[in-house]
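Chains as they are written, first to last, in this note's numbering: chain A, 235 to 350; chain B, -4 to 105.
In case anyone wonders, no lab produced these hints; they're calculated from the structure.
Values in this document were obtained by computation on a predicted structure and should not be read as measured data.
Idealized CB from N, CA, C, for every residue including glycine.
Heads up, some of the hints might be wrong.
Claimed, not checked - Per label pair, the in silico range of CB-to-CB distance:
#, chain 1, residue 1, chain 2, residue 2, range
1, A, E290, B, P35, 22 to 30 Å
2, B, S102, A, D331, 29 to 37 Å
3, B, G96, A, T241, 27 to 35 Å
4, B, T25, A, Q248, 45 to 53 Å
5, A, S307, B, P2, 35 to 43 Å
6, A, S289, B, R53, 38 to 46 Å
7, B, N18, A, S307, 36 to 44 Å
8, B, N8, A, E252, 48 to 56 Å
9, A, E237, B, G96, 22 to 30 Å
Unchecked claim - Cut-off 30 Å, straight-line C-alpha distance, at most; resulting in silico cross-link-like pairs (DSS-like, lysine-lysine):
#, chain 1, residue 1, chain 2, residue 2
10, B, K64, A, K291
11, B, K64, A, K317
12, B, K64, B, K97
13, A, K276, B, K97
14, A, K312, A, K291
15, A, K276, A, K312
16, B, K64, A, K276
17, B, K64, B, K(-2)
18, A, K276, A, K317
19, A, K312, B, K64
20, B, K97, A, K312
21, B, K(-2), B, K97
22, A, K291, A, K317
23, B, K97, A, K317
24, A, K291, A, K276
25, B, K(-2), A, K291
Claimed, not checked - What the simulated footprint calls covered on chain A by chain B, stretch by stretch (three residues with Cβ under 8 Å from a Cβ of chain B suffice, anywhere in the stretch; the number is not a length):
#, segment
26, 272 to 285
27, 336 to 344
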Amino acid sequence: EPEVTQTPSHQVTQMGQEVILRCVPISNHLYFYWYRQILGQKVEFLVSFYNNEISEKSEIFDDQFSVERPDGSNFTLKIRSTKLEDSAMYFCASSRDFLSSGNTIYFGEGSWLTVV
Amino acid sequence: DAKTTQPNSMESNEEEPVHLPCNHSTISGTDYIHWYRQLPSQGPEYVIHGLTSNVNNRMASLAIAEDRKSSTLILHRATLRDAAVYYCILGYSGNTPLVFGKGTRLSVIA
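Using the sequences and the hints given, assemble the complete structure.
Right, here's the structure in full:
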């Protein structure tokens, strides 16, 4: 069964450093997403991406964050100048088409980011 | 935005059926009802979704009320592996992303 894969599974970084989290969405999917989950809290939407541009973003997704699809398979989340509160599990997800047309999102296993 | 209401937690005995309720009284006619679950230390996992009719798949069944203001996820025989947080989420118009609430934490007792 096709799946969303994420790397790294766990990264420890020093405060102020830049981090890039990588994802390979399911191959025939057109919509890509990043969510995050701070330990013990809800899964929070960050950003959605379609046709090489951001489709929706939440208030969390400020100038510190950026997303990119550098080639035909990878989808990345860059976090500049990391802060302690960026420590969380980051989930990549993808969907074949619009969610309103009955499609659904498939999530990766997550990248655990620890900022020290 | 249409929202959902779920019990914070439920408990089930192993090999018994489990009925997880969800209220969504402000649902609009085009909102799909999605169910996801999250096992400990894993990403959310798709379970099932539907619009108006009841749905069945290998994981579960989804029973949708006639007025669509509530739905029930049915696990036919709970196993220890089904212990997870279950989320009932409405899919809005266009491609507004799925918004997760707190869900229902299901405990399965051997």
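If you check the beta carbons of A:S289 and B:R53, does the distance land in 38 to 46 Å?
violated, 31 Å
Given hint B:K97 paired with B:K(-2) - CA-CA distance at most 30 Å:
holds, 12 Å
For a C-alpha distance cap of 30 Å, please report whether A:K276 and B:K97 respect it.
holds, 6 Å
Holds or violated: B:K64 and A:K276, Cα atoms, limit 30 Å.
Satisfied, since the Cα-Cα distance of roughly 24 Å is no more than 30 Å.
Are the Cα positions of B:K97 and A:K317 separated by 30 Å at most?
The hint holds at about 25 Å.
Taking only the CA atoms, is the gap from A:K312 to A:K291 under or equal to 30 Å?
Measuring from Cα to Cα gives roughly 14 Å; hence the hint holds.
Coverage criterion applied to the segment 272 to 285 of chain A (partner chain B; beta-carbon cut 8 Å; 3 residues):
holds (count 6)
Is the Cα-Cα distance between A:K312 and B:K64 30 Å or less?
Given pair A:K312, B:K64 is violated - Cα atoms ~40 Å apart, limit 30 Å.
Do the beta carbons of B:N18 and A:S307 sit within 36 to 44 Å of each other?
holds, 41 Å
Straight-line alpha-carbon gap B:K64 to B:K97, limit 30 Å
holds, 19 Å
Against the 30 Å threshold, does the CA-CA distance of B:K(-2) and A:K291 hold or violate the hint?
holds, 19 Å
Given the hinted pair B:K64 and A:K317, is their Cα-Cα distance within 30 Å?
Violated, because 42 Å separates the two Cα atoms, which is more than 30 Å.
In terms of the numbered hints stated before, the structure departs from hints 6, 11 and 19, listed from lowest to highest.
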